Amino acid sequence: MSGHPSTYEPKTGFTKWLDSRLPIVRLAYDSFVDFPTPKNLNYWWTFGGILAVCLMTQILTGVVLAMHYTPTVDGAFASVERIMRDVPYGWLIRYIHANGASMFFLAVYIHMVRGLYYGSYKAPREVLWILGCVIFLLMMGTAFLGYVLPWGQMSYHGANVITGLIGAVPVVGDSIKAWLMGGPSIGNQTIQRFFSLHYLLPFMIAGVVILHIWALHVPGNNNPTGVEARKDKEGLKKDTVPFHPYYTIKDAFAIVVFLIIFAAFVFYAPNVLGHADNYIEANPLVTPAHIVPEWYLLPFYAILRAITFNIGPIDAKLLGVIAMFGSIAILFVLPWLDTSKVRSMRYRPIARQFFFGFVVAGLLLGWCGASNPDDPIIPMGEDQLVVTYTDANGLQATQTYEEYEPAAEFRDSRIEAGQEATIAIKKAPAFRFVHLAQILTLYYFAYFLVILPLLGLREKPKDEPASIHKAVLGNKDRAAPAPAE
Amino acid sequence: MNFLRFVSAGLGAIAVVASANAAGGALHAHGPEEGWAFEGPLGQLDMESVQRGYQVYREVCASCHSMRMLSYRNLGEPGGPFYDPEYPNANDNPLVKSFAAMDEILDTEPNDVGDYDYRPARTSDTFKAPYPNANAARAANGGALPPDLSVITKARHGGASYIYSLMTGYPSEEAISTVEIEAEVEAPAEGEEAAAPAGPTTETLIDPSRIEALSHGDHHYEGTLVQPVGQYYNPYMAGDTTAQWRGDPRHAPPGGFLAMPPQLTDGRVSYLDGTEATVEQMAKDVANFLQWAGEPKQSQRKSTGLAAMIYLVILAVLLWFSFHRIWRKVDH
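Residue numbers (the working numbering), protein chains in the order written: chain A, 1 to 485; chain B, 1 to 332.
Same shape as in the complex, but just chain B:
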């Protein structure tokens, strides 16, 4: 049918346009080899992974990143990682209550004499923020503001795959080397002591030809990346490496620099459920957790969607037959 052909062409055009938006200077994000359980119209989150991801968030990410859109109660609500059918009201869920009580927060309400006290968090409180405000966060992180992670999977192209790629994508030890640089020290004037050399005396060099993620495809990156102080190279980070590249500027490696050093090392957390805490495992779990946190109602969305689609398809079939029955005596 002409009509359907046109509609599909139109949708194709939208897809082209949408993917054109995704272009950037970073390596294309990828998920774990086995894929994501939440993908596809019927896919649902792997809740055990989300639970482990919450542990990774608490023990690793939360020391710098806030999640101001999430409350402790969200963890125990339907579709949440610690939902328990015995406690339909998440505020009664003992596990959720204990998670909240582990954090001390500054009360937003003044006490009887008008002072603000620290108290254990309640289920209705939002996740404890690591810093009182953005300036404090910047001051503690070399001028860089750790982004709030509430909707991070919706706010980055690639979503959970981006988180996974970024967390696992830092160059490995063998690609990094530290070399001494000759500091240019001005000859001391007479009668003065020699001044201490200004600036750093070493520089961190990265050899992109030894980065596994960059070895696929036709590109060969012959040259050296000079990592700025307090910055870390990651091929999945959006950015531009040309200024830091010693080599052919036409073939600067993809990616960029970010202020967050590599966070995940094997065994960084001890999983309560005994799962081995490899870098890939933790990256996958925390990406799953952030995927849930970005849209806590996503499992509800997909199950409602299935019912809505079945209803609409049946309705369309009925209308199709009604249409043909009504028009059966009319030439058109």
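For reference, chain A alone in the conformation it holds in the complex:
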């Protein structure tokens, strides 16, 4: 797969025969055994392997679940509970699958943030990054489709919100929406096509993962210094180690640590990442008080709801949809937005601070997504009471009060006078979740569209090490005083 010359030598008669016909063993050997890998990769680089495990886990458990699942509006909810109760170890398989989605996203976010920090999207790895973005997009689609299948309240009403977004697209929106739902509303036909697509997309992900690994093996791994491994034989030997056993063992350790966290959720808190309302069977006539997506989609949900204003002829709803899809689309062009030649933020002191701000913004957007947008974060003043009544001329008038007693007295006096009067709350001004989400959304886009493009031209980076080998030795010098020679 890479420019690195193959060192594979078939030893048995069969492997020699096979190698001249389909060099698949050579491919595996060159890619996963002998592949030269920078020797300074830290634990952030183990998430690629962790993600491969996540994908395989989801596919394997998903195939078994599909054997027992009934994709109908009348049968779906009960069939999921039947899996939990009557299928041998069905509870384990389903909990792994449901929590596995959360673990998959946890790992993919860490993997992406690692790429952002160490500049892994920069030349010559643009295609590698874009393929990763494609995987992320497919994952979001798959997760959304899968969340609909248990046919709980959040499944149904979440699907309503998401398909409603597509309906906001001008001209073609309604047709696409009807095509997705398989009819004018969400029903049996929707659950059947969502099931079909939920089974299809993971295999598309697997296909793109193969391309992703291929695109990784052409330029080779980036590393924490962002300095490329040297290409000459001597330099390559000093900068890299063969993938096996050095990184197979390190990845294996990290994967098992990750599995411990995974297992803690599956065995001890299997429902904590989900929403209780999804254990209520879907009922189109009862809308949950707060419709929220799964935690991993909350930041994007917050961006969607942050847009509460129209711009010119474009109304707020469509703008929200544009902002939400734009926040993902912008990742695809990131390699050309970041103008800095230096990959790793280790040597970009100013960009580094903006980067950590970006991570915090992402987490806070998740908080906004989970909260009611109108809830105050910082209240400014007390709520007041407004008495609305009809005055002597029969016109509607209002009086505002701080205290309840005088307000009630005034209302009662109006009523005694034969007029209508009611008390309502006038909310005090406050800094609300929607305001925080607006600020964070602005920062999210500014980070990609303003900060990274301008900073790359203006920032003075620190000196990068001459090579990975030098950087590694530098670490060692700092850790222990150099021995006298």
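Since the hints were made in silico from the structure, they are not lab data.
Some hints here could point you the wrong way.
Stated by the list, open to error - Anything over 10 Å on all C-beta distances counts as not near chain A; from chain B, calculated:
{"no.": "1", "residue": "Asn141"}
{"no.": "2", "residue": "His216"}
{"no.": "3", "residue": "Gly267"}
{"no.": "4", "residue": "Leu272"}
{"no.": "5", "residue": "Asp273"}
{"no.": "6", "residue": "Leu306"}
To be verified - In silico DSS-like links for lysine-lysine, alpha-carbon gap of 25 Å or less:
{"no.": "7", "chain 1": "B", "residue 1": "Lys329", "chain 2": "A", "residue 2": "Lys231"}
{"no.": "8", "chain 1": "A", "residue 1": "Lys341", "chain 2": "A", "residue 2": "Lys462"}
{"no.": "9", "chain 1": "B", "residue 1": "Lys329", "chain 2": "A", "residue 2": "Lys233"}
{"no.": "10", "chain 1": "A", "residue 1": "Lys233", "chain 2": "A", "residue 2": "Lys470"}
Just so it is clear, the structure is predicted and the values come from calculations on it, not from any experiment.
For each residue, glycine too, the CB sits at the ideal point set by N, CA and C.
We have chain A already, so just place chain B on it with the hints.
For chain B alone, kept in the frame of chain A given last:
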């Protein structure tokens, strides 16, 4: 290690997000004072309590609430309240068989001439449903549909604690008063008899300052809740009391109204094992039963979990040492 710090920060963020979801207008649910036996990674259900809870369900809840995900056989399966190692097949368990046989159900299969007969339930049947369908259930309950209780502990924030709080959380007698209201009767037209006053002539008022659960914390609820006819106030029920509140609308009490009147009164059931049937005891037992019913495999889940965790931790330690041994000669 940087890495672990980040992972823990990430998990912390998830916890924040998850708890943010739990916000609502009701009082935070709590369990019995002594806590739940099933809590924690090693906690297991108190099976005697689950057994008593089944009795409460049968004698109290089952007259309105169905449990369509449960079959009688589940009671005698491993992890179930009446599991008996002598009868590995729950369908042979005489206790379970007798529980089933006590209920008469309409056979789902037609008889020889094509009619549907009533027959005693078998262990393979699902719990007898109180109503043939949702419309019948609504008609019998003033328009409200009693929810199916199969997964109720998973379907409510707070789980078993929510059930416990709701069952014990109704206002006590001293907080409730009934007053006559002056009915506005139109003066009868000449030659007609006086019309009977329309609507109810009394209203039920609740004084939240006399509700024990609301007296904690800084809030003082000065005012009166007017209970709608056929509805009952409970501070643990999700909802909004503002419309029924006579008082400062900014300080309406938490909770909401539900169509289920208070069900548990001291001695409502006579426990077969002689336990005193206080309201708290019955609420705890039925919450334990519903906790089991929501996930009958939960004890298996925790015991499998322990084995899996031990295996994974040992594997991680072995891999850690292998990793260091393999890398010992490489600067990195």
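Regarding the assertion that leucine 272(B) does not contact chain A, is the least Cβ-Cβ distance greater than 10 Å? The claim holds: leucine 272(B) sits with its nearest Cβ about 26 Å from chain A, beyond 10 Å.
If I take the minimum Cβ distance from leucine 306(B) to any residue of chain A, is it greater than 10 Å? 8 Å, violated
Does glycine 267(B) clear chain A by more than 10 Å, comparing its Cβ with all Cβ atoms of that chain? 33 Å, holds
Hey, lysine 329(B) versus lysine 231(A), does the alpha-carbon distance stay inside 25 Å? 23 Å, holds
Proposed proximity, lysine 233(A) with lysine 329(B) (alpha carbon, max 25 Å): Cα-Cα ~20 Å, so holds.
Pairwise hint evaluation, lysine 470(A) against lysine 233(A), where the allowed Cα distance is 25 Å at most: Satisfied, since the Cα-Cα distance of roughly 16 Å is no more than 25 Å.
Is the Cβ of histidine 216(B) farther than 10 Å from every Cβ of chain A? 22 Å, holds
Given as non-interface: aspartate 273(B), partner chain A, CB spacing beyond 10 Å: Given a closest Cβ separation of 27 Å, the condition holds.
Does the structure keep lysine 341(A) and lysine 462(A) at a Cα separation of 25 Å or less? The given pair, whose Cα atoms are some 12 Å apart, holds under the 25 Å limit.
Grab the minimum beta-carbon distance between asparagine 141(B) and chain A and tell me whether it stays above 10 Å. 16 Å, holds
Checked against the numbered hints above, the structure breaks only hint 6 and satisfies the rest.
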